[in-house]
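Residue numbers (our numbering): 2 to 155.
Rather than coming from a laboratory, the hints here were simulated on the basis of the structure. Each hint should be verified, as a subset may be incorrect.
Label-pair restraints from in silico Cβ distances [stated by the list, open to error]:
(1) Gly-120 - Gln-9: 23 to 33 Å
(2) Met-136 - Asp-77: 38 to 48 Å
(3) Tyr-119 - Lys-7: 46 to 56 Å
(4) Leu-123 - Leu-54: 35 to 45 Å
Result set (EDC-like, lysine to aspartate or glutamate): computed pairs, CA atoms no more than 20 Å apart in a straight line [said to hold, decoys possible]:
(5) Lys-7 - Asp-77
(6) Lys-110 - Asp-77
(7) Lys-110 - Asp-122
(8) Lys-110 - Asp-127
(9) Lys-110 - Glu-51
(10) Lys-7 - Asp-127
Even for Gly, the Cβ is constructed at its ideal location relative to N, Cα and C.
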Amino acid sequence: MSTPLKSQLDRRTVLSGVLFGSGIAASMIDLFIFHLALQWHHFYDLSTTEVALTIDGFFHAFGWFITVWGLFLLADVRRRTEVHWVRWTGAVLAGVGFFQLFDGVVFHKLLGIHQIRYGVDLFVYDLTWIGSAVMLLMFGLLMLRRTRPARLRA
2 MSTPLKSQLD RRTVLSGVLF GSGIAASMID LFIFHLALQW HHFYDLSTTE
52 VALTIDGFFH AFGWFITVWG LFLLADVRRR TEVHWVRWTG AVLAGVGFFQ
102 LFDGVVFHKL LGIHQIRYGV DLFVYDLTWI GSAVMLLMFG LLMLRRTRPA
152 RLRA
């Protein structure tokens, strides 16, 4: 297998993991835990419950779309070569951390379209949400760095 093809498959492996991780964060963690189980918030809490639930549906459809997209990319990589599972796992962790950090900073703080929870002091919740996002992202990026193929190391 030529080096450009290996490099392309490595990028696909990483993209697959990031998409899968971001989708799982959106569709599984956010949907099942915070929207359904705890019922703490919706994706858009600045309108009626009907609007919030409708937007939740679109948001989670998008989350599942990127999850499945990531799995299709993974299947393509797996069809062409052996998957470096530790590298893919690092990309998944980076994807979960990226989504959670983006959600916590952009949607919660900058746009204010929803918070983690209402009627409580948000400091501890924000610290936990954003802090765990940074830790997941950094751990995932560290795994990606340590598993970089030799030809890609700089």
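Going through the hints against the structure:
1. Gly-120 - Gln-9: 23 to 33 Å: violated (50 Å)
2. Met-136 - Asp-77: 38 to 48 Å: violated (30 Å)
3. Tyr-119 - Lys-7: 46 to 56 Å: With a Cβ separation near 49 Å, Tyr-119 and Lys-7 satisfy 46 to 56 Å, so the hint holds.
4. Leu-123 - Leu-54: 35 to 45 Å: violated (23 Å)
5. Lys-7 - Asp-77: Roughly 13 Å between the alpha carbons, so the hint for Lys-7 and Asp-77 holds.
6. Lys-110 - Asp-77: At roughly 38 Å apart (the allowed maximum being 20 Å), Asp-77 and Lys-110 break the hint.
7. Lys-110 - Asp-122: OK: Lys-110 and Asp-122 at ~14 Å, within 20 Å.
8. Lys-110 - Asp-127: Since the Cα atoms of Lys-110 and Asp-127 sit roughly 9 Å apart, the hinted pair holds (cutoff 20 Å).
9. Lys-110 - Glu-51: Violated, at about 23 Å.
10. Lys-7 - Asp-127: violated (40 Å)
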